[in-house]
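Protein chains in written order, with our numbering: chain A, 1 to 95; chain B, 1 to 347.
Source of the hints: derived by calculation from the structure; they are not laboratory data. Nothing here was measured: the structure is a model prediction, and the numbers come from that model. We treat Cβ as the ideally placed atom computed from N, Cα and C, and that holds for glycine. Misleading hints may appear alongside valid ones.
[What the hints assert, rightly or not] Ranges of calculated distance between the beta carbons of each label pair, as one might list FRET restraints:
1) A/Leu-8 <-> B/Gly-303: 46 to 56 Å
2) A/Lys-90 <-> B/Gly-106: 43 to 53 Å
3) B/Leu-92 <-> A/His-21: 20 to 30 Å
4) A/Leu-36 <-> B/Arg-61: 18 to 28 Å
5) B/Glu-344 <-> A/Asp-76: 36 to 46 Å
6) B/Met-242 <-> A/Lys-16: 16 to 26 Å
7) A/Arg-40 <-> B/Val-325: 36 to 46 Å
8) A/Glu-65 <-> B/Val-279: 38 to 48 Å
9) B/His-231 <-> A/Arg-46: 32 to 42 Å
10) A/Asp-76 <-> B/Pro-264: 28 to 38 Å
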Amino acid sequence: MSLEKLELFEVFLRSKRGLDHKHAGSLHAEDKEQALEYARDVYTRRSEGVSIWVVRSNDICASQEDDSDSFFDPSDDKPYRHATYYDIPKEVGTM
Amino acid sequence: MIHSVDLYSKNRIIKVVNILTTGEEMTKYNKSEAELEAIFQQKIDSEQKIEPKDWMPEAYRKNLIRQMSQHAHSEIIGMQPEGNFITRAPSLRRKTVLLSKVQDEGGHGLYLYSATETLGIERSELISALQSGQAKYASIFNYPAQTWGDMGAIGWLVDGAAIVNQVSLQRTSYGPYARGMIRICKEESFHQRQGYVIMMELAKGTPAQKQMAQDSLNRFYWPSLMMFGPHDSESAHSAKSMKWKIKRETNDDLRQKFIDQTAPQIAYLGLEHPDKDLVWNEEKGQHDSGEIDWEEFYAVINGNGHSNRQRIQHHVKAHEEGAWVRDAMSEYKQKKLQRKINAETAA
Ligand SMILES: [Fe+2]
Ligand SMILES: [Fe+2]
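Given only the sequences and the hints, what does the whole structure look like? Please build it.
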């Protein structure tokens with residue numbers, strides 16, 4: 001089978017119970033079962049993970065860097081969403 | 001965050017998780033329920049999180065669904081008393097702050113519903129349990145918000161009490177719940193601080209404004225203490241929840257923390273403390289306090305608070321009135337799909 005026919009998968013690893021899965025990289029595989037096995041073979045050779053997710057790259061819907069104005073900018077002019085916007089006197093303890 | 005327990009038993013943990021990562025694998029190893037439960041409890045005891053695909057006792061799952069959905073419902077119902085004041089807030093700046101806080105609470109509801117769904121229950125089931133009254137939410141939201149001062153008292157006291165509880169829950173044993181709490185706590189600090197700022201402004205204002213602050217404090221102080229639930233000796237779910245580390249600190253311990261942190265905040269505002277029996281106990285290093293009116297607590301929990309019916313009616317109404325949006329979305333999805341098929345057949 002030629003490499004071009006293989007699908008691209010993204011690999012996410014949970015390094016320790018309780019933590020989020022983090023993107024580790026990608027790989028080519030015939031299907032999701034195989035992708036999971038390949039991921040185990042190449043991405044978790046030194047106990048890097050206790051759990052693996054593989055996701056077809058095509059199934060990931062991603063924002064574009066160019067979108068960032070309309071996507072993320074609005075919160076920059078809303079400083080009142082941050083705790084530091086409010087002056088709280090020291091005497092009353094942390095809030 | 002690394003717990004000392006983890007370091008101590010690190011080798012053993014790695015061995016256990018390598019062999020027994022998912023429920024499926026455990027079934028493959030053909031373990032009895034008792035053995036599975038022992039492994040589960042061992043994970044809990046060594047401060048490992050339980051993750052969605054792990055085997056877990058049915059009662060643990062049920063207990064979590066109850067607590068997490070109740071938490072989610074509280075975030076959503078909690079939008080109502082403050083939502084009422086967005087148009088009434090006395091300046092544009094205060095409107096934007098309040099709107100922003102209420103939006104955050106909607107987000108918290110979403111995080112928590114989604115985390116609850118990892119336990120294998122559907123959103124629609126959760127919503128109908130709320131609407132039928134089968135599921136509870138924090139009884140504090142059955143108290144009406146009557147004045148601008150209440151916006152201060154709610155942010156400061158209600159969110160303040162919620163934070164004490166949620167900080168503790170960052171260490172809860174169920175991974176998705178713990179991670180949700182970490183995210184939520186990051187956003188909560190703003191909620192409490194904006195509330196306290198409202199109180200400070202009122203407390204140093206005209207005598208009438210100061211009176212408004214006092215009145216809000218008087219009405220919200222005791223119900224905030226009730227947010228921590230019944231005394232440990234009366235709490236139906238406490239013992240099991242502690243053993244499973246769903247809860248990390250008892251109702252009474254959390255309540256004490258809140259009482260102690262709130263006392264100097266009331267003093268700073270120059271307001272009268274609503275608890276006349278409150279005294280500093282030097283020996284214990286904490287406050288002794290007066291007894292909560294538990295009759296009121298149970299009356300409100302059992303549906304007889306001021307706003308119980310109104311809160312649920314409003315939720316049902318909003319849900320029904322939003323049906324056309326959900327319908328339109330699924331209609332649009334069909335339309336897009338059909339267009340795609342048409343384009344493909346044309347090509
Ligand atoms: Fe919240
Ligand atoms: Fe909040």
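For each hint, the structure was consulted:
For A/Leu-8 and B/Gly-303, the Cβ-Cβ distance of about 55 Å falls inside the hinted range of 46 to 56 Å, so the restraint holds. A hinted range of 43 to 53 Å is violated for the C-beta pair A/Lys-90 and B/Gly-106, which are about 33 Å apart. For B/Leu-92 paired with A/His-21, a C-beta distance near 42 Å fails the hint of 20 to 30 Å. The beta-carbon spacing between A/Leu-36 and B/Arg-61, approximately 25 Å, falls within the hinted interval of 18 to 28 Å.
Remark: the range hint 36 to 46 Å for B/Glu-344 to A/Asp-76 is upheld by a beta-carbon distance near 42 Å. Checked against the hint of 16 to 26 Å, the C-beta distance between B/Met-242 and A/Lys-16 comes to roughly 24 Å, which is consistent with it. Distance hint for A/Arg-40 and B/Val-325: a CB-CB separation of about 43 Å, consistent with the stated range 36 to 46 Å. Evaluation of the 38 to 48 Å hint for A/Glu-65 and B/Val-279 yields a failure: the beta carbon distance comes to about 60 Å.
Restraint check, B/His-231 to A/Arg-46: a C-beta distance of roughly 50 Å breaks the suggested window 32 to 42 Å. The beta-carbon spacing between A/Asp-76 and B/Pro-264, approximately 35 Å, falls within the hinted interval of 28 to 38 Å.
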